[in-house]
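Each of the two chains sits in its own frame; use the hints to bring them together as a complex.
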Amino acid sequence: MATEAATAREGSPTAVARVIVPAGGVRSELRAIKVVWKRELIRFSRDRLRIVTSLMQPFLFLFVLGTGLSRLASAGTHGVNLRTFVFPGVLCMAVMFTAMFSAASLVWDREFGFLREMMVAPVRRSSLVLGKCLGGATVASFQGIIVLCLAGLVGVPYAFGLIAAVFGMQLLLAFAITAFGVMIAARTTQMQSFMAMMQMGIMPMYFLSGALFPVSHLPRWLEILNRIDPLTYAVDPMCRVVFSHLHISAAARRALDPGVTWWGWHLPGAVEAAVVAGLGGLMLSVAIAQFSRVS
Amino acid sequence: MSTPTATSSSPPAVSVTGLVKRYDEVEAVRGIDLEVRSGETFGFLGPNGAGKSTTINMLCTLVRPTAGSAFVAGHDVVRERGQVRRNIGLVFQDTTLDTYLTAEQNLRLHAELYGVPRGVVMARMQEVMEMVGLWDRRGSLVSTYSGGMKRRLEIARGLLHSPRVLFLDEPTVGLDPQTRSLIWAYIRELKAREDITIFLTTHYMDEAEFCDRIAIIDHGEIIVVDTPETLKASVGRDRVQIETDDDDAAIAVLREQFGIEASRAEGTVTFGVAEGEQFVPRLFEEWGSAHPAIRSVSVARPSLDDVFMSYTGTTIRDAEAGGDLDRRRNFARMMTR
Chain A
75 MATEAATARE
85 GSPTAVARVI
95 VPAGGVRSEL
105 RAIKVVWKRE
115 LIRFSRDRLR
125 IVTSLMQPFL
135 FLFVLGTGLS
145 RLASAGTHGV
155 NLRTFVFPGV
165 LCMAVMFTAM
175 FSAASLVWDR
185 EFGFLREMMV
195 APVRRSSLVL
205 GKCLGGATVA
215 SFQGIIVLCL
225 AGLVGVPYAF
235 GLIAAVFGMQ
245 LLLAFAITAF
255 GVMIAARTTQ
265 MQSFMAMMQM
275 GIMPMYFLSG
285 ALFPVSHLPR
295 WLEILNRIDP
305 LTYAVDPMCR
315 VVFSHLHISA
325 AARRALDPGV
335 TWWGWHLPGA
345 VEAAVVAGLG
355 GLMLSVAIAQ
365 FSRVS
Chain B
2 MSTPTATSSS
12 PPAVSVTGLV
22 KRYDEVEAVR
32 GIDLEVRSGE
42 TFGFLGPNGA
52 GKSTTINMLC
62 TLVRPTAGSA
72 FVAGHDVVRE
82 RGQVRRNIGL
92 VFQDTTLDTY
102 LTAEQNLRLH
112 AELYGVPRGV
122 VMARMQEVME
132 MVGLWDRRGS
142 LVSTYSGGMK
152 RRLEIARGLL
162 HSPRVLFLDE
172 PTVGLDPQTR
182 SLIWAYIREL
192 KAREDITIFL
202 TTHYMDEAEF
212 CDRIAIIDHG
222 EIIVVDTPET
232 LKASVGRDRV
242 QIETDDDDAA
252 IAVLREQFGI
262 EASRAEGTVT
272 FGVAEGEQFV
282 PRLFEEWGSA
292 HPAIRSVSVA
302 RPSLDDVFMS
312 YTGTTIRDAE
322 AGGDLDRRRN
332 FARMMTR
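Protein chains in written order, with this note's numbering: chain A, 75 to 369; chain B, 2 to 338.
Derived by calculation from the structure, the hints in this document are not laboratory data. Everything numeric in this text was worked out from a predicted model, so none of it was measured. Please note that a few of the clues may not be correct.
[Claimed, not checked] If you want a taste of the chain A side facing chain B, the calculated C-beta under 10 Å gives, among others:
#1 K108
#2 F188
#3 L189
#4 E191
#5 M192
#6 A270
#7 M274
#8 R294
[To be verified] DSS-like, lysine-lysine: derived pairs with alpha carbons at most 30 Å apart:
#9 B/K151 with B/K192
#10 B/K151 with A/K108
#11 B/K192 with A/K112
Glycine included, every Cβ here is placed at the ideal spot set by N, Cα and C.
Chain B extracted, bound-state conformation (with noise of 0.2 Å):
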């Protein structure tokens, strides 16, 4: 089966129709379309288990469909595996760095298992090196890296070669809020500078934002494609929590002066704003100072959870089904519910 690379002006970077991976008993993936386009940021968010890992795994020519075609920058994903593979990067979210070598010695060890021209490894290393601010470092042992500097290498790594297609499994999970924002920066440069699609899973709302499109999926399905913005829109508010000397007067300055229904939850006044952050400010502006004085303030932006409640009507099931981390973030929401 061929298809049309060098036709078009610009292929789809993915295209996937019916695809289904079955294991044993277990269907992981249930026959799922999708088409990103090229130079495209596409965003796939769903709990741990429902099937993200594995559609990954399939597009990287890592697992094999049972049924169903996939083509990662117009190759076809079972049949030109080697082609497949010379045009992606790829971030896993567990650490694949040899931490024994240097960071050059992990990038050039790459650079020859993906048949890098030896005339550009250099200039080329350089260059991705120093977009994440590691070419000084070049030299250290990768075991003296922290967390947030490794993920940097990957993603550096991952650009090595020049892929069309750089798939990013979870790039910033448990990192620190301002490496995220870091690698957030990365990316955002990335796209800039290099003409590549991104592909990228994640739990996180605020960086689906950073996407242009995100699909949703949960049980092996995918429940909805579409813009962040759209998405954000259909679920809704951002929940801001106040905690005051007086949360009956504070509930009634809010029904009266700015026009919000918030109710009590946990010793805070809790309500939803369309736009928290924004809300903020005006709210301290225009809070005169007769009223009950403000303790604290917590803004938290609409979730995963949020967006796919939306969508699927559960969360329960998503803390049975996940991992350590949605279970955490689970457990951390019902108790601040």
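This is chain A alone, in the form it adopts within the complex (with noise of 0.2 Å):
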């Protein structure tokens, strides 16, 4: 095929910088994920208000609801402040939503035409898809770096291995949540339903997930829900490295990380990331193959 190509042009005429394409092949894809990798990087980078924005929303849960809750909850967190507790959970919001606008911006590029120019390209869907959602964990996962700095704060200790951790669990997570994105945005063509399919979506998903409280001895309806919710499965073992690096009573940390059991097994983290990033790559093939399609 790419012998074909350049003998096809073989004896074109006033050669101006005539450029040959080479045809496909893995390193085509490569750059073209890159580049789609790129633009989104790009693009976040020029929306200063979307960085304000998806800035406020960590802030606000950190230390308002954090604080004025935790006078009313300070019985139940055996002397852990709120604001530590619900540090995992809050990083959690602010990879997702920033991951969601990232999938949202998709549904802009088709309204705005751009997406056809990429949808025409000389390269594989699964490539354009690949591309978009990982610059979607990229700039989500920026989100979560500026979240993780305020740690200190809120008396989470800089711990490399705690960083670490929870930076790689939140990388998973910001992917799979522009994998879902970008697998509702694929059947969307007007923001407001891709919104409203969003917040149908994250809303419920991150109430049930245990960001908010801890996932043991919860009545058996919201049990059972959450452990359905996969959100859970990005939520606990971030808990689990935050307090493991934390310096109380045992009682304190049984009551506050229970972890998530199933029929009784203790999930290991392991097993936790497995399945977001099983579903994460679930999402993401659903998204390919629906991009795929050609009518």
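Next up, the structure:
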């Protein structure tokens, strides 16, 4: 195929810096992934307002809600500040919302026509979708890093192991959420409906995940919903890492970081990460399949 | 299925046989045959809803044909999508630029997506941007560009990877006359400089004149394929309308001195001539001072509708089927008739 393309170009007359585009291959797919990823970063860096607004939410949750409610909740937290407890959950929220907005830009891209420019390019749709998801994940984890920087203010130590583990987990979460968003965006032509779908997906997921409460001794119905919620498996390992670095009593640890159980079995962090990665991969492949369809 | 890409000296740039696209009950394209020669500028004329866009979408692999086959630059649009895409440039009717990026970033992104070798990206980018006069503005965000600049940038981008066939869907629609003629200057320069086939759609008869050949499409079928001269001749005449101080006297002068049968319509004297623009200077040269004064002159070129009508005998359906643009144009035409 490559030689065919090359020979077909033979004999072009007034060659004015005539470009000979090589036929496909892994390299060109990698270039496509990279450029779609890079575009996501450029656009994010241009959008100052988006950076500021997406930072506001974690601040509100950590310092306003966290401080206000801590007066109510102090009895149940065994002396641990509520702000410390909600830190992993707030981090997840920041990451989720940023990832969601990244995916949302795909709906704009369709509306403003740019999607077409990408769809007619001689690269696989999977490269485009992958680049988009990686871009969303990068941007979202950048947001996560900013929240991580606040750790010291809410009593979470700056330990290398903690930061590395939380960063890794939030990267995975960011990727999965972007894939989820891209999957939805593949089917949506209007921003309003995308936002509605996302709200319907993200908000219940967030509230059920245990980002804002310990997941043990819950009412049966809530426990079931919590275990079904994919986000549970992203929040829990982060909680575990954070709490393992706190100097608190064993009773407090048990109460605030009980860990997720399946029929009494405590899930190890690796399994939870695998659940998130697996779901992310699944949604990514659905998204790719949807974008690869030709009418 | 393989095609003789490199064997003959110039295989057809576009070769279409029995192409059909059916959406549920609607047959958008009903079996068209077409051959565009390499290096040709080929125009596709038809009202909205005639099947122009569907055909172009099939040729650029965005839509899968229901039946028939199509080869672009020697590659099958169904089996060799990647090869087809690599060899075509596309400028859509609606802008497909990322307005949050600079012009240069848009072009770089395109170069990456099309795998333009890194070493030549800069030179090629400068070349295409200079051609459309945007090199100095390469650092500006596209959101600050005017409509005409955006279209020029899109043309530059469509050329960046040296396509063998450039598809232009209504390249000048919605642009002011100055920008329109500028765009056409670029297209002509492009033809002179590069070995490229141009496949475009248009509503404007005067633009179709820049094409080597034109196909008129309606109801998903090609009605006629010919050179613009032949088509224009078949339509006949430009419409000239003059406002005078004394219409009856003017009509008499036109009949006696110029041998033209004119009639009165909506307060103007209206008649048809073969070459309206050439006729106007002659009119004033030979219009004696004794004749009634002419207050205004307008010349209307044969439109798509006129050509269209001579082949299909209808324009009404056009107004019903068409989008906003067609509707407005037809409405305007009805008002001036």
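Now for the hints, and whether the structure bears them out:
Here the hint on A/K108 is kept, as its CB sits about 7 Å from the closest CB of chain B, short of 10 Å. Against a cut-off of 10 Å between C-beta atoms, the interface hint on A/F188 holds, since the closest Cβ of chain B lies about 5 Å away. The interface hint given for A/L189 holds, since its Cβ lies 8 Å from the closest Cβ of chain B, which is under the 10 Å cut-off. Residue-level restraint check for A/E191 holds (minimum Cβ-Cβ distance to chain B is 4 Å; threshold 10 Å).
Because the smallest distance between the Cβ of A/M192 and any Cβ of chain B comes to about 7 Å, under 10 Å, the interface hint for this residue holds. With its C-beta approaching chain B no nearer than about 24 Å, A/A270 sits outside the 10 Å limit, and its interface hint is violated. The beta carbon of A/M274 comes no nearer than 28 Å to any beta carbon in chain B, farther than 10 Å, and the hint placing it at the interface is violated. A hinted interface residue such as A/R294 counts as satisfied when its beta carbon comes closer than 10 Å to some beta carbon of chain B; here the least separation is about 48 Å, so the hint is violated.
Pair hint B/K151 plus B/K192 holds up; C-alpha atoms about 21 Å apart against a cutoff of 30 Å. In summary, the hint linking B/K151 to A/K108 is supported, as the alpha carbons are separated by about 25 Å, within the 30 Å threshold. The suggested pairing of B/K192 with A/K112 is violated, with an alpha-carbon distance near 34 Å, which exceeds 30 Å.
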